[in-house]
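Chemist: Build the full structure now, drawing on both the sequences and the hints.
There are 2 protein chains.
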Amino acid sequence: MRLTVHDIARVANVSQATVSKVLNNYSGVKESTRKKVTDAIEELKFTPDSVARSMVTNKTNTLGLIVGDISNPFFAESAKIIIGKAQEKGYDVIISNTDHDDENLENAIQTLISKRVDGIIISSISRSSMRIKKLHENGFPIVLYNSRVEGDSSNSVVLDNYRGAVLAVDHLVDLGHQDIAFIAGPTKYLTTYERYLGYREALEKHGLDLNNAHVYDGEYDYRKVYDFSYNLLSSPDRPTSFFATSDQMALAVMDAAASRKISIPQELSVVGFDNMSISANAYIGLTTVSQQKENMAELALKKLISLIEKTESDAISIQLSLKPELIVRKTTSTPYKE
Amino acid sequence: MRLTVHDIARVANVSQATVSKVLNNYSGVKESTRKKVTDAIEELKFTPDSVARSMVTNKTNTLGLIVGDISNPFFAESAKIIIGKAQEKGYDVIISNTDHDDENLENAIQTLISKRVDGIIISSISRSSMRIKKLHENGFPIVLYNSRVEGDSSNSVVLDNYRGAVLAVDHLVDLGHQDIAFIAGPTKYLTTYERYLGYREALEKHGLDLNNAHVYDGEYDYRKVYDFSYNLLSSPDRPTSFFATSDQMALAVMDAAASRKISIPQELSVVGFDNMSISANAYIGLTTVSQQKENMAELALKKLISLIEKTESDAISIQLSLKPELIVRKTTSTPYKE
DNA sequence: AATGTTATAGAATACGTATTCGAAACAATT
DNA sequence: AATTGTTTCGAATACGTATTCTATAACATT
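These protein sequence lines map, in sequence, to chains A and B. The numbering of the first sequence is our numbering, which starts it at 1 and goes up by one. The numbering of the second sequence is our numbering, which starts it at 1 and goes up by one.
The hints are simulated quantities; they were obtained by calculation from the structure and are not laboratory data. There are no misleading hints in this set.
Note that the list lumps identical chains together, so a pair holds whenever it fits in one copy or between two copies.
Only pairs whose alpha carbons sit at most 20 Å apart, straight line, appear in this in silico EDC-like list of lysine to aspartate or glutamate:
hint, residue 1, residue 2
1, Lys59, Asp49
2, Lys133, Asp101
3, Lys133, Asp118
4, Lys21, Glu42
5, Lys85, Glu106
6, Lys310, Glu137
7, Lys85, Asp99
8, Lys134, Glu43
9, Lys89, Asp118
10, Lys89, Asp99
11, Lys45, Glu103
Every value quoted in this text rests on a predicted model; they were computed, and no experiment measured them.
Modeler: As structure tokens, this is what we get:
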């Protein structure tokens, strides 16, 4: 038995319309009647039904957040910020987890839209997605987080991934490394692709050859990356360093090194990407490229809200690219000479 | 311009009611007209409006998930499972993050209910909450995850926390430790409180005294736990081991030990609680009590769905308590003798 | 051909709220 | 007291769907 505005109207002895007006802080209602209504609301502990409300206002005060893997600390930490800021602004957020599957993403968008969310933040979207373009052209409020689609000018907030990769490679080369293995991850994402480009061109800049056998471009799977690294570290011409485009994958590399009894950083240097909070731990101490989640997440949410509430001209869509920062800890050093 | 059933009705040359019937797979509609309708739906790419649908069916196909801190891997990994299973069953999930604040939790419940979610999973709720009791009595579908409320028989899925703590202490005592510091966390949660009881009674069982100066019962804050541990490790009668009721807090302890140049496990043994995935990493190798998130999360979701869909008598409410398991890795050993 | 029976479609209504618009009550001005 | 202006309130309607119930069409049976 859910209470409705009619119940309130009855006990306050006013019309339903009046109740609705005080609920929405209308100006044209006398103080005395407003009091009658608020008293009734108080007494019956009434809360308006958001569904019915959405029905007529065409607003749900709900956002969609689509991520590839919520258990990945980068996404989890980003989600926390986004949820927090959204709550401050009066929005709830529905999280969809795609497991990095394009079809799941397609479905997630579909159901979020049919649920009439007011806007969507998408991370982990293929750089070639056509769907987003259409949504964007339809004027649906959407912002890409940590991803971007080729040939599309949707709002997006990303790191300068290219630059980030260059920073990492420069650091390793400066230390004296000539052979830098690369855990690229799936290059269908523009972010990872750009990191790949950064890696490639930084190598070129330093006059180093790119060895395809030392590049992993499969999915972000702990086990697979572990196996790849283990094999590579068992080969005669094993690399002196690894650059992984995710801290989690860097940990997989470190795990493999430990299994092979190769010590870090004496015998192997490792650089990650993300700076997830655990990477700072004394027992990990991972050298990594910082993603600036806090800034990125906050900017993405702000942009989305302003698109929804039309606080700024929606004509201009921004493509923010934040500056990465290399955080040197203890997994990198000059290469081991025998 | 959102399409409605009326648009479909018009192009299919039938009534709105008929369209609705084919959408819901009614029996009484001729094959030929069904075809007309599905064709029209196909052609216009129509998707029904969930809000309007919820309005009349009184179902939103949306669940609420309230967590204390989504960036905590335990919750993130649990959330992933819950979201995945929910999606399989056709539900989306709204995540609320309370930052372990009771008022935020209160508000989260409020807005979730006003959004008419079909059910709620709550973790991180004080063992004394009155709110849940009322919800439960009202018959609102709700299940507690990794938490329980005193004197309430709401459905819940937890680990046998008491037993888990006993396992940890037994392990340390078996190794020869006599002085086991304890990072309890906030004992307002029944889970942490039960771990505290387990710790206390296990000590007693072994004839060891409980030293209050060696017990931390503040909030789960990395920095605070770090400071507490650092200080304790600097004192003359420093403990030979730590038992932390969360892997994350165990990491804080390890960090503090590293700063004090105390080696683990030679000079200090550490046991955690949760078995978050990173704890298995070679560079962490944390001995810990496994929470069995996968089972717990799946059971919690299943129970919630069955409450919502009334697949079983809702009279019986279950309080599941899973068996913990100690996972011994490399942060524990016999105490150091000088 | 008439009647009975069944399969099918549509008109009407409900869900709970926001909002417009006209009416009524009241205040202010002459 | 009459007029005008101003508040304040409520009746009516819309939002997009599901569902009941009635009407009709189609068909079968005699």
